[in-house]
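Model the placement of chains B, C and D with the ligands on the given structure of chain A, informed by the hints.
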Amino acid sequence: MYSKTVMDHFMNPRNVGEIKNPGGVGEVGNPVCGDIMKIFLKIGDNRITDAKFKTFGCGAAIAPGSMATELIKGKSMEEAWEVTNKAVAEALKGRPPIRMHCSVLAEEGIHKVINAYRVSHNLGPWEEKAHSHHEEKDNGGCKTCYSG
Amino acid sequence: MYSKTVMDHFMNPRNVGEIKNPGGVGEVGNPVCGDIMKIFLKIGDNRITDAKFKTFGCGAAIAPGSMATELIKGKSMEEAWEVTNKAVAEALKGRPPIRMHCSVLAEEGIHKVINAYRVSHNLGPWEEKAHSHHEEKDNGGCKTCYSG
Amino acid sequence: MEEQQLVYMDHAATTAVHPEVVEAMIPYLHGHYGNPSSIYSIAQEAKEAVGSARVSLATALGADVDEIYFTSGGTESDNWAIKGVTYANRKRGDHIITSKIEHHAILHTCQYLEKQGFKITYLPVDQYGLVDPGDLERSITDKTILVSVMYANNEIGTIEPVQELASITHEHGVYFHTDAVQAVGHVPVSVRSTGIDLLSLSGHKFNGPKGTGALFIRKGVRIDNILHGGAQERNRRAGTENLAGIVGTGKAIELATTGIEEKGVRIRTMRDRLLRGIQDSIQNTRLNGHPLKRLPGNLNVSFDYIEGESMLLLLDSFGICASTGSACTSGSLEPSHVLLATGLPAETAHGSLRLTVDTDNTNEEVDYVLSTLPRVVSRLREMSPLGKQVTS
Amino acid sequence: MEEQQLVYMDHAATTAVHPEVVEAMIPYLHGHYGNPSSIYSIAQEAKEAVGSARVSLATALGADVDEIYFTSGGTESDNWAIKGVTYANRKRGDHIITSKIEHHAILHTCQYLEKQGFKITYLPVDQYGLVDPGDLERSITDKTILVSVMYANNEIGTIEPVQELASITHEHGVYFHTDAVQAVGHVPVSVRSTGIDLLSLSGHKFNGPKGTGALFIRKGVRIDNILHGGAQERNRRAGTENLAGIVGTGKAIELATTGIEEKGVRIRTMRDRLLRGIQDSIQNTRLNGHPLKRLPGNLNVSFDYIEGESMLLLLDSFGICASTGSACTSGSLEPSHVLLATGLPAETAHGSLRLTVDTDNTNEEVDYVLSTLPRVVSRLREMSPLGKQVTS
Ligand SMILES: Cc1ncc(COP(=O)(O)O)c(C=O)c1O
Ligand SMILES: Cc1ncc(COP(=O)(O)O)c(C=O)c1O
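Residue numbers (the numbering used here), protein chains in the order written: chain A, 1 to 148; chain B, 1001 to 1148; chain C, 2001 to 2392; chain D, 3001 to 3392.
One chain only, chain A, in its complex shape:
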């Protein structure tokens, strides 16, 4: 049900762990809903020099965490901000869109951690868009991801 790339990132996730004294930490999701994405950044010169993540969530959350942190490493804040769930999903190739929810979590995590950094450096947060992908349904507060 998952593509090869997803399974590779799931079985051998990149960038798992924490960064000590991170430039920014962002956590999204909710354990009650079964998913948390926590992203740690090291930032120098407006660039992301390192990124790590921890996740609690359905299998489909691990691969996006791995892929998203890979994608933002080395990028400027502006570039990283533009890494959307679609980009993560595309990089993971063939992930069924029904699991889009989980790459949304990665995008939200990136936004959260960048804004956490910006706020702590008095830069003012960028505006986070509401995610209302048609693949998601509201489910008593938790988003639903279909198994098809």
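Just to be clear, a hint being listed does not mean it is correct.
[What the hints assert, rightly or not] Once the Cα atoms are required to be at most 27 angstroms apart in a straight line, the calculated BS3-like pairs of lysine-lysine come out as:
no., chain 1, residue 1, chain 2, residue 2
1, A, Lys86, C, Lys2219
2, A, Lys86, C, Lys2047
3, D, Lys3115, C, Lys2143
4, D, Lys3115, C, Lys2115
5, D, Lys3115, C, Lys2219
6, D, Lys3047, C, Lys2091
7, D, Lys3119, C, Lys2091
8, D, Lys3119, C, Lys2115
9, C, Lys2119, D, Lys3115
10, D, Lys3047, B, Lys1004
11, D, Lys3091, C, Lys2119
12, C, Lys2047, A, Lys4
13, C, Lys2115, D, Lys3091
14, C, Lys2091, D, Lys3115
15, D, Lys3219, C, Lys2115
[Claimed, not checked] Under 8 angstroms between C-beta atoms, here's a sample of chain C residues computed to sit facing chain B:
no., residue
16, Val2050
17, Tyr2305
18, Ile2306
19, Glu2307
20, Ser2310
21, Ser2317
22, Pro2385
These aren't lab readings, by the way, just hints derived from the structure by calculation.
Think of the CB as a built atom: it goes at the ideal place given N, C-alpha and C, for glycine as much as any other residue.
Okay, now just chains B, C and D with the ligands, sitting in the frame of chain A:
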């Protein structure tokens, strides 16, 4: 679905045909309902010396016609009157009771022909009972016989 | 009983499972035992098998893959279509239109809804069993929520003008369902060009296994579920999937629709030879259904003065499997509602015989039936108190 | 992916079809193609095959033969029991009692009826998943027409006090239905001594084919049909019978109930060894369900800080098939309603793992799972932002 005896009487029915100048003729059933039993008797000395039948009806009607005419041949009118559908059915062994309807037709036919004879000889008809076997259901005027 | 040979000419009742279909099913009985809803790899194989059967059905009907929902057969599909659309649209209206010659899966469902207060119009048919599009037009009201007319009739084989009926239905913004259980796999069926919103089919009518079917639901149609539970069939039909059955149905539709026109010609030729032979050798017969607008394999004739079930039993003793619109076969002695709707008198309807020919029949079998049937008919006519002792 | 071996421990989801069952089915796929409703001899063979499968099921349940009705699975049986009894008895009342931990086939059906105005009481359960008979007693009103409590739960294996529940129900003159889909073929079930009026079962849960089931309906129970159409199943369940599936289910129940107690002991022993091994090697675990009143093969444990679906995917990569009460497996990220009903916090419920053992498992497989699972759990815990990085 039919017993061996039924199939024998169905495949090789006894007493099929008409009797010329019969002592009595009785017809029961209704072509609209898909069943007619016509019984012809030759009567001498209050005894049934010959019996023949014709039938239009589901396969299960042929065997009872055959069996019923066999059973009444040689009997007195009183004895013949007592040949009930149960007797016909029992003689046919193992016929599923759901097809009881069709042996009822034979019983009714016997009663009808005997009374036809009695009336034509100014003997006064015997009382025919109403047939309300639980195996039958009223079905817009036609009796229903279940296929199970 | 002299059982010379077995001639099966009751393909409208059910068909033998095609050997290639059995072959396709067996791996899904023997192994591949995952529950298609589970997450691990072996279950995913099961899921993919269901998916490709869905593709096969969608391809055959010219539908999208996600418009096909597997069911337990034609009956469930019919019940789902009728009840599901009716319940989901009850706020828009309470009127359903169908025909007098539908299968009991439609008629009894409609009667059940009638008891719940819904209004049903049962369209009449002409002597050939054809629904008049004008009658449909005149019956639609602003309370009508569903029109259901069968694609082809199971007893007399008449093919209804579904495209015209669908188009009239749509002009009034109403959904059009068709019970295509007898048509699919036997004549080309295309949901788009015909304008069908919902279509029922049943696997065992085209050499698939018994107990599987499907409902085509055009995207956007408002319909309630009738089996509630798990999230199977995209949340629309609950219940662990009949894996082997679905795989078999997928294979069967592929086989059935390959060369469907050529096979139809072959079958029609046999059927027509059978008809001519019967008409030539037996008096007082009547062809039921339309002479041309009919399924290639269907033949339905009435023989005056005799009753159908006794004919079947005698034919069976000669190894011939056929069907009748009479008597106890359907649980009652009532004559077929289809034949009565075409105007046939009850006593004639009782003497009807349906022979349904398919690709696995041969000309030799046709000959055998033609040599046997006249004997059977004349024997029963001799026993019959009706008629002028006409013997064939 | 290192796929050392395949260990299937998800028998509550579905089971492999027993080779003898496949063997029994194949003749009914390959030949015997009559429609059981037809009159001729080959169809009668099909009819007899259905009849003897019915005898097998009746014998297994201690029921009469004509109290068994074949369906397309547990879901249809559940839908039929609930809707059929409710609709047929709506004049007597509008209140149904069930439990919070029923399968979705019951719960979603009840929710559907709720939308139509019926009142449903969902009985709570204790920490072990047991329904309290006192709660049932207090919930019954003079409007109650049906009580439906499952025989054994599919997720946590808890066996409910059905006999007591049935007897309370009967004291109030109400019908008692039980969803015994997980129990039949695994523990002895007797409808008479337990006082069951209606019972649902599903063939594929005891090594029969998927897509067949049955509903036991005690003689005299007032119930509507849910599939209308032909006269099959004594006019109660329309639709051409799934012949091979029914034959397979008959064979499967015979095999399953032969030596059922002995098999249960063997299965329970493996299951208990599995549990002890997990508790010994992994910290922060919790056994879900009742320690003793549970199905012999069911094991359900929660692991703190991790989520079930990722556990399943990793286990799958080691060839282990299991199940969880979390996440996308059931179509949503909601934690299992069953675990929540036992009082488990949502985040713990997400980390639940269900392993269901059956006769075809071995001690070696248990050992393999015990050597793999701790690695999987600790790996996921290392990735988790929750907890104090407790590793096993
Ligand atoms: C307790 C219970 N009830 C009902 C069902 C539904 O059975 P089926 O999937 O065969 O329709 C299941 C299995 O999924 C079950 O475990
Ligand atoms: C026209 C038609 N509709 C519906 C059905 C019911 O299909 P099934 O018996 O597969 O449920 C049949 C076949 O019996 C049929 O011929």
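Hints, verified against the model:
For the given pair, Lys86/A sits about 26 angstroms from Lys2219/C by alpha-carbon distance, which is consistent with the 27 angstroms threshold. Only pairs whose Cα atoms come within 27 angstroms are accepted, and Lys86/A paired with Lys2047/C is accepted, the gap being roughly 26 angstroms. Between Lys3115/D and Lys2143/C the alpha-carbon distance is near 23 angstroms, which keeps this suggested pair within the 27 angstroms criterion. For the given pair, Lys3115/D sits about 20 angstroms from Lys2115/C by alpha-carbon distance, which is consistent with the 27 angstroms threshold.
Taken as a hint, the Lys3115/D and Lys2219/C pair is honoured in the structure, with Cα atoms around 24 angstroms apart against an allowance of 27 angstroms. With a C-alpha separation of about 43 angstroms, the suggested pair Lys3047/D and Lys2091/C falls outside the 27 angstroms cut-off, and the hint is violated. Of the supplied pair hints, the one linking Lys3119/D and Lys2091/C holds, its CA atoms being roughly 22 angstroms apart against a limit of 27 angstroms. At roughly 22 angstroms between alpha-carbon atoms, Lys3119/D and Lys2115/C fall within 27 angstroms of each other, so this suggested pair holds.
Straight-line distance between C-alpha atoms of Lys2119/C and Lys3115/D comes to about 22 angstroms, which keeps the hinted pair within the 27 angstroms bound. With a CA separation close to 18 angstroms, the supplied pair Lys3047/D and Lys1004/B stays within the 27 angstroms bound. Using a Cα cut-off of 27 angstroms, the hinted pair Lys3091/D and Lys2119/C holds, with the two alpha carbons roughly 22 angstroms apart. In summary, the hint linking Lys2047/C to Lys4/A is supported, as the alpha carbons are separated by about 18 angstroms, within the 27 angstroms threshold.
For the suggested pair Lys2115/C and Lys3091/D, the alpha carbons sit about 14 angstroms apart, so the restraint of at most 27 angstroms is met. With a CA separation close to 14 angstroms, the supplied pair Lys2091/C and Lys3115/D stays within the 27 angstroms bound. Taking the CA atoms of Lys3219/D and Lys2115/C, the gap is near 24 angstroms; set against the 27 angstroms cutoff, the hint holds. Hint on Val2050/C is violated. Least Cβ distance to chain B is approximately 35 angstroms, over the 8 angstroms limit.
Restraint check, Tyr2305/C versus chain B: the minimum CB separation of about 7 angstroms is within 8 angstroms; hint holds. Proximity of Ile2306/C to chain B holds as hinted, the smallest CB-CB distance being about 7 angstroms (cut-off 8 angstroms). For Glu2307/C, the interface hint holds, the least distance from its beta-carbon to any beta-carbon of chain B being 5 angstroms, beneath 8 angstroms. The restraint placing Ser2310/C at the interface with chain B holds, with a minimum CB-CB distance near 4 angstroms, inside the 8 angstroms limit.
Interface hint status for Ser2317/C: upheld, as the beta-carbon distance to the closest one in chain B is roughly 6 angstroms, under 8 angstroms. Restraint check, Pro2385/C versus chain B: the minimum CB separation of about 4 angstroms is within 8 angstroms; hint holds.
Violation of the numbered hints given earlier is confined to hints 6, 16; the remaining hints are satisfied by the structure.
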